[in-house]
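Per the numbering used here, the very first residue in the sequence shown carries number 8; after that it's consecutive.
Treat the hints as calculated values from the structure; they're not laboratory data. Bear in mind the structure is a predicted one, so any value in this text is a computation, not a measurement. Treat the hints loosely; a few may be bogus.
Claimed, not checked - Using 25 Å as the maximum straight-line C-alpha spacing, the simulated DSS-like pairs for lysine-lysine come out as follows:
#1 118 with 139
#2 98 with 118
#3 139 with 50
#4 127 with 98
#5 118 with 50
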Amino acid sequence: MSGDIREDNQPYDDINVTPMLDLAYVLLVVFIILTTASVQGIKVEAPQTTAANNLAKPQTRAITITRDGDVFLDAYPVDMAQLETRLAQMKALNPALPIVLKGDASAQYEKVMLALEVCKRLGITEIGLVTKRIQ
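Work out the full structure: start from the sequences and follow the hints.
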C-alpha cells in the first residue's frame, strides 16, 4: 500500500502513452482524408469514346475547360496568358511535362484550340485528351 502513495514532489516512473497514440491516430485519419481529397481538377462532363486509356502520370498537370469557357490549371482559374506563364514555369522544372486536357463535351472549341496552341508554343508534346469510355 505504501508503494502506491507518492509525495507531490516525486517523479513518476511510468509514461502514459495513450494520449500519444490518440494523437497519432487522429493525425493518421487527417492524413488519409487530405490525400484522398487532393484530387486535382474541376468536374466536367467529358466526351465519350470507345477506347479511353488512363494517361495520368505522377507529374501530370490538368488543363480543364468548363462548359462556360472558363479555363483552369489543375484547380486554379487562369486566363490564357497566365496559363502560358505557369506552364512555362512547370516546363522549366520538368522538360517532359505531361499535360491532360479535360474539356467539357459542350465547351467552346476555340478555348480547347487556344490551350493546345499554348502547349505547342511551349514545346509540350505529351498531351492527353480526357474522354469517358462508352460502356
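Evaluated hints:
1. For the proposed pair residue 118 and residue 139, the alpha carbon gap of about 20 Å is at most 25 Å, so the pair holds.
2. Proposed proximity of residue 98 and residue 118 is supported: the alpha carbons are some 21 Å apart, at most 25 Å.
3. A distance of roughly 13 Å separates the Cα atoms of residue 139 and residue 50; the hinted pair therefore holds under the 25 Å criterion.
4. For a cut-off of 25 Å, the pair hint linking residue 127 to residue 98 stands: about 12 Å separates their Cα positions.
5. Distance check on the hinted pair: residue 118 and residue 50 sit about 17 Å apart at the alpha-carbon level, within 25 Å; holds.
When held up to the earlier numbered hints, the structure conflicts with none and fits them all.
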